[in-house]
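This is what each chain is made of:
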Amino acid sequence: MSAPSGKRLLQVGPLALLLGVGCATPRLAVPNLMDARAPTRTSTFALSLERVTITNLDADDDRRKLVPLRATLEAHLMASGAELIPEVQSSTAWPSLSVHLRPEVENHRTYVLDVLSVLPGLGLFPLTPEWGTASVEAVLRLRFESGHVEERTVRGAADYSHVFYAWHRDDARLEALARAYNLAFSRVTELVRAALERPDTSQRPAMAQAPPEWLGTESEAGFRVIARPVDAAPEPGLLRRYLGSLGGLEGAITGGAARVTSSARTEAGEERVGEGNAVTSGFRLAFFRPPSRTGFFFPPLLGFFSQDIDISGFVDAVPVHQVPGAVTVGARVTDPETFTSVDLSQPLSYALRLRSGYLGQGIGLNLVLGTDDVQLFGTLRFGLNLLEVRHTDVSLETKRELGWSAAFVSSGQLGAQAGLTFPDLHLSLRVAAELEYFRSFSYPDPLEFQAATVFNPVKEVYERERVFVDGAEVSTINWQVSATYVF
Amino acid sequence: MRAVNWTLACLALALALSACGFDGPVPPPGPRPVEIENQSQFSLDELRIHVDPDYRFSKNLLAAPLLPGSRTSTVLEGFFYVTVFRERARGARVIALTSDQPLEVLDAERFDLLVFDESFRWVPIYATPSF
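So the protein sequences, as listed, match chains A and B.
Counting from 1, one number per residue, gives the positions in the first sequence under my numbering.
Counting from 1001, one number per residue, gives the positions in the second sequence under my numbering.
Next comes chain B alone, as it looks inside the complex:
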């Protein structure tokens, strides 16, 4: 009888600890596929992903300019900034638009990154539950 009581007590403690999150740190989500769509009115000359706010030491991910309405894809993880290069207007100088805060890869299945004229939209896409 005493052994049964100890067993029940240990089980209750284990359940209580489990409910309080004492099962250790959650590992960050791994790399996720990201679809990048140019929804701006401009052709994008360069696309850079970088961890620091400074984009100057990052590489251009585009092999060719990304036309309005076109898409490209990549794999991202963790926190990052995104920068695109485009003409300010036809015939004007090229400007760089950098997200004014870092975007984060969460535990969604995949992401869409929409590039607008003067902003970015980060859209997590979760797997559709199946029965």
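Chain A with its partners taken away, still in its complex shape:
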């Protein structure tokens, strides 16, 4: 087997790196002992902390951290008034506690920006966000002196994110794990104390089990990847809730350009024989909701495209070529009906009215970074039109032709936006652009254009080949700059 070439490595490398994301995610972190609460109770209770076990660790986890992790749990228990019995003295004379831990880390990436970071030539592209949730499930098993056993399950979680250079960092993830351990340990301690402070349990069944208790997710603070809406509290009042669901009222300055081209195969090869351009500009008022959290989304596409545009051939001189022994003369061109001159150097121009109703699927990615006060958002969206019903209306002078056609996977759109949101000011600013592309928008009948002037050696004359084109490529770009009052 030969060694892979450098080019092959460049092709496969980014894919391999992306597939490898998340394979090595340590799940062992030691909370700061200072996080254990100070004793608030004067009464104490004796407790034997027997086994503390943990599963779902990663191969990269440093097992030496298990000792300080147990020490943290002990600190929590002692802070709540527990007098821990040394293991050598353990017996059924004291209640005993076993805790089983199962940490988990859920992480997400944009992938798009990760590809940028590993493409050669872009260097160490810094914006490679990673975000997620670290959670710890603790199953506590408390055995009383009477032999009665209570088993409870609690689960706590904490969000984390790395905005820059996430490939090379795990500090925020480990810090979130530590917060999740703390949440779980705090609740375990509360449950143990509450159980031991209850009256005599001798009449209870041998085993009592409660449903798992969800402790919630601790949010991150400061500048971060915002993966949950910052202000998720519902607005009071029906009207406010309704307005809130609309997002906000946006005023935009809009602009756009459309381009249509037709190409044909001529004796000179593939040649562009017709093109047309159109521009638009204006203002727009609409409802708009700025993205409030980072993540992928999958919008269905159901839309209508409409574009009126002229497509024209190209101007090209046709010289008169003289041959020996003959006289070659040019032509004066007139309209026989009006006897007025016609300028043949003016290219043919067709008026196109293109319509398309389409159905497709999109994929988008929102990236929201910032704090509770200011958020920077960016969106990249791609859509593929799977099915289209097209209507084409072509006019040349007084002649008009109409036609319907169906197209499958022949068009799509790419959109992007970037902006800033100030939640306290109810203000959002953004710039957005969207590109639409339609491959081969069919004409009802082939349209005639003229190829570039060439010398015909058989006729010994310059001429422009007549070419007939079945369809046109249509692309549009629309942009806007806007401000939104967010309800």
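These are computed hints drawn from the structure, not numbers from a lab.
Please read all numbers here as calculations on a predicted model, not as lab measurements.
Beta carbons are placed, not taken as given, at the ideal position from N, Cα and C, and that holds for glycine.
Accuracy of the hints is not assured; some may be wrong.
What the hints assert, rightly or not - One side of the interface only, derived from the structure: several residues of chain B facing chain A at Cβ under 7 Å: (1) Q1039; (2) R1090; (3) A1092; (4) R1093; (5) L1097; (6) T1098; (7) F1116; (8) F1120; (9) V1123.
Position chain B relative to chain A; hints supplied.
Leaving out everything else, chain B in the frame of chain A:
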């Protein structure tokens, strides 16, 4: 001897006058056959030959449209303009293309008139000398 001298003098004068073209005006060539070939990429709806630049009062010489590569023939003499009618493009309006200068029937045996997309070629064809 004197009579011989006068005879020689008259002969020399006649030769001199003949060499200087003093034999009177050359009559214009008569009608000549003309082959008209459509070498354009368009079908020609009408073909008109006219002495004035204005083609509107001349008749169409074609009984049917002349397809690309087809020929027709006629007889022409003197100076004339030629006009053809064709579509500017498929489905577009009909335009008239008129030679931007008159063509002339000279003393060739016959002529070819080639019609191109935007020009005309007038080709005199002389008889091949035989021995």
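Results for each hint:
no.: 1; hint: Q1039; result: 5 Å, holds
no.: 2; hint: R1090; result: 5 Å, holds
no.: 3; hint: A1092; result: 6 Å, holds
no.: 4; hint: R1093; result: 6 Å, holds
no.: 5; hint: L1097; result: 4 Å, holds
no.: 6; hint: T1098; result: 5 Å, holds
no.: 7; hint: F1116; result: 5 Å, holds
no.: 8; hint: F1120; result: 5 Å, holds
no.: 9; hint: V1123; result: 4 Å, holds
Consistency with the previously given hints is maintained throughout, with no hint failing.
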